[in-house]
Amino acid sequence: MPKSDRAAQKRQDKDSEASLWIRLATFLAVLAVVALCGMIVIAALPALLASSHTPFEWVWQPYQGHFGILPMCAGSVLLALSALALGFPWALAIVIWHLTEEAQALASARKGFGIFIRLLTTVPTVVLSFAAVFLLTPLLRTAFGGTGMCLLGATLMLSLLILPTMVLVMESGLSQRLDALCPHALALGLSRYQLLCHCVLPKNRQTLIQAAVLGFGRACGDTLLPLMLAGNAPKLPTGFTESARTLSAHMALVTANEVGGAAYNSLFAAGLCLLCTTIAVTLVLRRLAPAKDQKTHS
Amino acid sequence: MQLAVLVENFSLAFGEDIILNDVHFSAPSKGISVLVGRSGSGKTTLLRSLNRLNETLGQVKTRGRVRLDLGQGLEDIYPQDNAPAPRPLSEIRRLVGMVFQTPNVLPLSIAQNIALPLRIVRKLQPEEIKQRIRHCLCQVGLWEETAHRLETSAENLSGGQKQRLCLARALALEPAILLLDEPTASLDVHAATSIEELLKELGERYPIVLVSHNPRQACRLASQLTVMEAGRIVNNFCHELPDAQTIKSLLKEHSPSETMS
Amino acid sequence: MKSPLPWLLRLAPLLLVAVCAVLLIFLLQRGLGTFSLSLLFGDVPPLQAIFGQRPVWDGLWPACAGTLCLVLLTLTLAFLPGLGCGIYLAEYASPGKASFIGLAMDILAGTPSIVMGLFGFTLIVFLRQTFLPNANTSLLLSAGCLSLLVLPVIVSSSCEALRALPRDLRITAFALGMTKKTVISKILIPQASQGIAAGLILALARAAEDTAVIMLTGAVANAGLPAGLFDKFEALPFAIYYTAGEYQNTEELARGFGAALLLLLLSVLLVLTAHFLERRYLRQRQGFHAAGRAR
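Chains as they are written, first to last, in the numbering used here: chain A, 1 to 298; chain B, 299 to 559; chain C, 560 to 854.
If you are wondering where the hints come from, they were derived from the structure by calculation, not from laboratory data.
Beta carbons are placed, not taken as given, at the ideal position from N, Cα and C, and that holds for glycine.
There may be inaccurate statements among the hints.
Covered stretches of chain B, as calculated for chain C (at least 3 residues, CB under 8 angstroms) [what the hints assert, rightly or not]: (1) 397-403; (2) 507-514.
Heads up, simulated EDC-like pairs for lysine to aspartate or glutamate below, C-alpha to C-alpha not over 20 angstroms straight-line [said to hold, decoys possible]: (3) C:K745 to B:E499; (4) C:K745 to A:E101; (5) C:K740 to B:E389; (6) B:K359 to A:E17; (7) C:K740 to A:E17; (8) B:K328 to B:E453.
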């Protein structure tokens, strides 16, 4: 290729190339994610490799030299799972109601309910926790004794927090497919409800799994609700009326009361655990999403 | 006869789909050259090859030469080995005006539709832009109807008015060649007739390549007629043009059921 | 024909509405009474408080001002990277790159805010041990971490807004001889601005309500008006959290309810605005699209 040619080619390439600030912005955005993950892994390394004061034990007694975060891991998982156990069927029931005859007949109520769900996703968790501290906790205290700060309270509120997200995911996944099947099925004499329960739901387990995984991720990551409602005792809870501490709440507490070096180490280990969980959740969701797309095309 | 467009051995593929296969085509520097063919025959793609617009639609591979007279005699618009590089894409596209099947007004005011490309592409001064807006709108017979509402949204115009605005917008950039892709297909009969009148007039001054799916329209407008089928040119009439009935039968004759060689 | 729905299904939405209504009524009942100028400014005259001539000890004004500064600073930091990345994703990225950037943004969007806060905290610990022994958690650090939190929102909304534009618009602009850069900056971005604005407002709402990030990166209970980028600050969500645990008397508690109600109203208002903008934008685009497609 002659020289002038190459120069012109270069000019044309430049025309269709992103300008510098756009490339810089993209680089910065990706760099931020890499830095976030990298920084937390590096900070957690000393804790992972340490022979003494390992964070992977079941006792948290900083003044006796025990910095175990396993009770918090268990607390996080337990709380997220129980919130899911309560929230998932609830969300599913709401979606089924929303998509079938009764709600379809009340068009305006249905629309209003949709907006209501959307608004629920935006309620600040700190406001939700604040209201629960002064409304739910006293109720639990009179019902079960103790302080009222327990796993049960946090579970109830957490299920309320993840509910709207799950409803939205399920609804967006199911409604189109239900509507697409409807003319044929209704002609066969099936009701929307029968169609949904016998055909659409079993064929779209993936959407349900997606909603559950997303709900689990949200429940694991939330800080304020467990911090303000679960009581924060650093031990393995043995019942729903006992106090528990989650990883997220643990991180908030340790940074608030600077205890010292080894406590910080456990903090970073806790952060890494949480980050790994949510990255796993993200990857699972991405695996599920393309499969869903293929289905709609076929 | 002086040529404005000369396409030789030109092939084009989107990924693996071959759309144009070894096409030879030329258009004179005056008059309307009409391309007809069934849908999917590649006529729109051939038209878009003349301003390299296919490249904005996806991964495109091309082979062969396309030469246009953009004011300095025929010149290549695709890069060729052992030849100086073609003009930049944006310059080619400015010098080749194009009007689409559906009137694509930009969602701006009537005046801005013409002014924006002039300002951005030609970098003209506001004074001159104003003059050109008036001149071009007069040229397409839209000035009387729109002079009092140049600042209102172009989307409120009727279909025929929009299409004339698109023509005016192309003319404002002072093109060397005009490409028209079924410009009357989305218009009613009345609007279509007035656009055809306009095109006949413009054909006196510009080389025009027009894609049409309507044999009667092709007859009315053409000074040269080319029939395409399955990515190839199958018939070319330069002097004695066939009548509408013949064109219709030609389009039928080369139906896809016929085996391709 | 109505099919007999199990009553459980009917109960589920009713229960949700009931629970939310109870919570809302509780908040309104305890918080609405406190809504007055003195909720914000205590007994200091409002103008003097706003301009910081006299400190406000028993009002929410410092927290509101802190949140305002924090949110504005966050958007300043996140806007250009977010928009640029969105443009790249929508207009330039090859499928492979787009999927990689998408993955990065998904991970960022899924990361809990407390981990973002921990990132900021780690950064400060690191800086203290190395270059800047005096570094401390501050307004700038909080805004930086919050901008990580809202970045995916801005990226995806600007990317979606650009992708929603009709293809005809692009082709027309290219056919007029514009280069890709001018097509994007002069045609596409102005057309997509409403969609991008909706994303920005959504980002605003997220930045205003998040508590976990600022808890780890410099929010405190008594800092007064924000003094500078490198100082500690007060913020509305943190004030709510703090009140719940540490209130001394009924007056402070009442102020906590006022603050909670205020934050709730603020985020609902912001999100409704964003929702409305987005709906209008999509409707307009689809309208244009449909008109362009009609043959």
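### Message
To test your reading of the hints: which numbers does this structure violate?
### Response
2, 3, 4, 8
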